[in-house]
Every structure is written in structure tokens, then in C-alpha cells.
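J.: Following the hints, complete the assembly by docking chain B onto the known chain A.
The listed protein sequences correspond, in order, to chains A and B.
Going from the first sequence to this note's numbering is simple: count from 1 and add 42.
Going from the second sequence to this note's numbering is simple: count from 1 and add 1269.
Be careful, since some hints might not be right.
To be verified - With a cut-off of at most 27 Å between alpha-carbon atoms, the simulated DSS-like pairs for lysine-lysine come out as follows:
id	chain 1	residue 1	chain 2	residue 2
1	B	K1274	A	K156
2	A	K219	A	K233
3	A	K156	B	K1435
4	B	K1274	A	K120
5	B	K1460	B	K1432
6	B	K1435	B	K1404
7	A	K120	B	K1660
8	B	K1460	B	K1317
9	A	K115	A	K73
10	A	K115	B	K1660
11	B	K1432	A	K163
Honestly, the hints are just simulated from the structure, not real lab data.
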Amino acid sequence: MNLIEMNSICKSYRNIGFETRVLKDVTLHIKEGDYVSIIGPSGAGKSTLMAIMGCLSQPTSGEYILDGEEVGKLNDRKLSRVRNEKIGFVFQAFHLLPGVTAMENVTLPLVYAKNPPGNIKERARELLAKVGLEHRLHHTPGQLSGGEQQRVTIARSLINDPRIILADEPTGNLDSKNGIETMKTFDNLIKEGKTIILITHDQEVAQHADRIISIRDGQIASDSKVSHEEQIRSL
Amino acid sequence: MRIFKNLGQALRGLRLNRSNTVLMTLGVMIGIASLTVIVAIGDGIKTKVLSRIANMGFGPESFSVIAGAGRMFFTRSKNTTSMTVEDAEDLLALPTVRLVVPRQRKSMQIINKKEFTNTRVYGVTPDWQLARGWKMKDGDFLSDNDLTRRKRVIVLGATPARKLFKDQDPMGKMLRLQNNYYQVIGLLEEKGMTESGYDPDDRTLIPLTTSMSRLTHQTHLHSIKVVALDSSQVPETMEAVRQILRRNHNLSVLAEDDFRFITPEGIMQRVTESEQALNRMLILVSTVSLLVGGIVIMNILLVSIRERVREIGIRRCFGARRSDITMQFLFESVLVSLLGGIMGVGLGLSISFALERFDVLPTHITMEPFILSFVFCSLIGLIFGIHPARKAAFLNPEESIRSQ
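The shape of chain A in the complex, shown without the other chains (with noise of 0.2 Å):
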């Protein structure tokens, strides 16, 4: 069964009377457990599908159906529950909240969840260790490295036991060798499971998934399944 099913996404935006077409009838269907690159150069609607996958904005047209719902219709509530429950997001600028712990920033998601869990504190706790975080709990963004604060976010994501893991330039703002730690936490957890949607121009990336495709002017222009050899050669 499909877990993204993404029918003749259209997206479009007007601008002082100008409408720029930013996804022309993007079709796209995900697995579950899908470990999924999306790369293109910049201003090819990478980022538009992206939000439209991750249920930040609406289709102009199309349809689509995430986990067996069709959300193009749903409204503000329910949008907002979908994201919260299913979608797990990870950005390239970190995205955390200033002056928040380490602790607190990963538990946010737990403030607008319709059912948390009773040891929120545990899970954030085992989350911030999962990604070699447990000496930085109370630490604020801005007393933790490039490095550490994407750990944080990627504990973030995962608080809420999301299906799929929403990867905007993940490594865009790292170091290599914190690139690569990154990008190994990643592999893991589509080894728990998890439905791995990364967002990327950097073919070396990519290359981590078993399925790349490449976005160009708003259109799907390959859909590939990337070989184990070649991943390995990549490497």
C-alpha cells in the first residue's frame, strides 16, 4: 500500500496578478519504509512539494492521499493533526527554538499532540541519547554546534513516532563530518522502519536512498532506483 499518493499535483501562485506555476502535474507514489531522495536544482519546486507533502500548504489541484486520507481537503484542525502524528520534519537551518533547552525543543511537538504520552520526559531523554545528545539536555541552541543542534532536531522529529521523516537539506548547513553522522542516523532509522523523504541537491546525498527523483521546472524528470553496488561505489 502506498503511503504517499501523490495524483496531478498542481501548485500555483499568483503574485500581483502574475501566476507562476510552480509544480506541474507532479504524480508520485511512496512505500512505506520508502528511503526517497528528491533532488533538483534550486528554484525547480523541491521546497513546494515538499511543504505539500509535509501538509504545509495545499495543492491547487490534485490530489492527495497521505496514509489512506485525502488531505487536500482537510482543514486547518486536521491538517494540523496530520502533521503532528504522521510527519516528522528535519531543516536545513535547524529550526529550533531560541532560548528553549535541548530537552524542551524536543518535546514541542508533545504540546499540540491530542494524546501524549504519560513519560514525555523519558522519551525525549532516550531520544536525545539515541542521537549521542545525554550530556546536552538543558543546553540552548545557541550553546550547541551545527552538529548537535541537527541531532536535536532529528530527536525532534522523532518524539512523536511519526511514519515519515521529512528531510529539507538536512546536511546543507553541516560540515562533512557531521554531514555523514547525519546522514548514518538516517539509514538507521529506516532500518526501524521509517519512511525517509530527503530533500537535496547534493547528488552524494542522494545517493544514501534506494530511489532518487529528480524534480526539473516543476516536473518529475527521473524516478530511479538506486543499485546497492552503486551505493557502495558512491561511498
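T.: Okay, now just chain B, sitting in the frame of chain A:
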């Protein structure tokens, strides 16, 4: 549950944006402080006035009838000559009347050798002391003998006594009023100045007959003080007094009274009226300053939201609904407003306390400002917070997450 979480996030937001919080608080604080001070002063004046009326010698069973039409202390005709000693005698004949004190009054210079002062000279009967219940500090009050023989004797209040005699003992000394000398036969006990600046001790008393024949050279009275047997009889006594005076003064049915009443209730009412007018104006002023405070909150919150677009975007990404964002910012504005209110009440109370302490104005502290400021601040927070909060909630999450 959700509401408490958003409250928590609001508290965090306020803590993290400290300078904005302080600025927002200031506006409301000033408004509430002035409101608190105003209420305290209003209550203080009322309390003092009540005790002052008790001091004025107006027992609940007495009232004054003053010559000349008008209201209370304000007369329209200065020279009403209709009220006479005969009127006073007729009033004393009323069954509910215990005492009647006819009075003449003149403000004039009183001289002791080289010292002189201006004071009020009253021509009264010996019953004056009974009606006022005013004790003597030294000597005796005017006697019936003084009255019938039109003696040139004088009783001094504390103020003229001090001004004319300094440290000397005034008893038995001679004072000059116009071209006649009067002997000091008694000194009144000091009452002290009232808050409004009225000095009850600034008076001298001479026999009414002396006043008529030697001082004013007039037979009409300034006023008559009437003491009823019981306070419950005051209204009917006043009505009876009105009838007698109208008849004695030959007033037609259509003519208005050529005299007016001063009663303790009347004074209280007047004071309350003027105090209410003052209060209304001051409350208007502080309402305006509270509105300004509210507008300050709204503006700063709008700026703050522009600075926090990214934070809002992050929250939306991780599942915050529009209503959550609205709630968070509404809580921020209400909390900031309440905080300003608490600080304002604190500041206002300190100012009120200082005013009382350093004798600037009387103040009286009640629960009123606490309740008022709580209500006002919550309202201001809600009213002026709703626009910024909605604005924050309706930011596009996709765009706000990208904003720098």
C-alpha cells in the same frame, strides 16, 4: 489541557522576549497606577469629609436656616433682610424644637494695640454653646446678662487668640472692633483646621444684641440654627420652619423661599456630588491612559510577531493549529496586561500611601482597585491582543518557516 499547554508556551514566550514584555507592561502599569491612586484619593476624601461633618457641630438633629434664596453655601441675593429675631422666637415655639440660635455674622478687622487680624464676628445668643456643644478652654461663654445688657464682651476662637496675643493670656484684655472696645471673657477650645482648608477656630462671638446695636446696626439675622428634639423629627421640623418663615415674610404661594437650609445630609450630598464629578473626570483620564496602554501592547505584540514569524512557523510544522497560536498570543497579551496591572496596583498603592504619609492628600485603600484592575487588564489584554494573535495564527506556515 491544551489551554494550559498554550498558557505555558505563552509564559515561555514572555520570558524569552523580555524587553518587549517590559515595554508592554509599562503602558498598562501607568494606567492602573493612576486608577489606583484616584480611587484611593476618592475614598480618602469621602472618609475625611464624614469625620469633618461630625466636627462641624452639626449633630444629626440640627440644621441651619440661612437668609437669602439659593442652595446650601451659595446664595443668589447677598442682602436679604427678611429674617428677624421674631422669626427665631416663632421657631422656638414649635413643639419639636429644642433650641434656636439666631445669628448675625460679619467679617471684620479685630485689633489688639498693634496686632490685628481679620476674622468672622458672630452675634449669637448663649444657647449657641449648647447647640454646638463647644467646650471652653478658659473663662465663660456669653451669659443671658451679657445679652440683655448688650455688654461689650467677646469670646475668642483659638486662631484670633493666637494671632492677637501670641504667648500672652488674652483673658480680661480689651480688643477693638470698629470704634468700640470689647473685653475678652472666654476662649474656645481648639478644633483644628479641616482638610478643605476651613478653619473652625477662626471666629469670635459677641452677644447678638451688642452686634445689632453697636456693630452691624441692623436688626435682620444672617441665619438661625435650629436643634430638634430628635433627629427623626428633622424633616417635619424643617417643613414647619419653612411654613412659619414663609408666613412671617409674607411670601405668596408662587414666590420662592427667601431662605435656605443647610443640613448634614445636604453637606454630605454636595461633597459627594463634587467628588463624583472629580472622580468621573479622573476615571476618564485613566481610562484613556489604559487605552493607550492597550494600544502599546497591540503595537509591540505586532512587532514581536514579526520577529517571531519563524517560531510560529516551527510550531505550525509540528502540529500547532491556528487556534493554538491564537491562544498563545492572547495569553501573552492578557498575562502581560495582568502583570502590568499587578505592578500598577503596587505602584499606585505606594503613591497613595506616600500621599497620605506626607499629608498631601487623604487616601483610603480598599479592595476596589484590585478588582477593577483585574477586570480592566483582562479586557485590555483580550481586546488588544486579538488582532495580533489572529495575525500570527493566519501566517502561512510554509512561508514563515522560510523567513529569516
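J.: Determine for every hint whether it applies to the structure shown.
T.: Hint check results:
no., hint, verdict
1, K1274(B) <-> K156(A), "holds, 12 Å"
2, K219(A) <-> K233(A), "holds, 22 Å"
3, K156(A) <-> K1435(B), "violated, 86 Å"
4, K1274(B) <-> K120(A), "holds, 19 Å"
5, K1460(B) <-> K1432(B), "holds, 16 Å"
6, K1435(B) <-> K1404(B), "holds, 21 Å"
7, K120(A) <-> K1660(B), "holds, 20 Å"
8, K1460(B) <-> K1317(B), "holds, 15 Å"
9, K115(A) <-> K73(A), "holds, 22 Å"
10, K115(A) <-> K1660(B), "holds, 23 Å"
11, K1432(B) <-> K163(A), "violated, 82 Å"
Hint compliance for this structure: hints 3, 11 are not met, and every other hint is.
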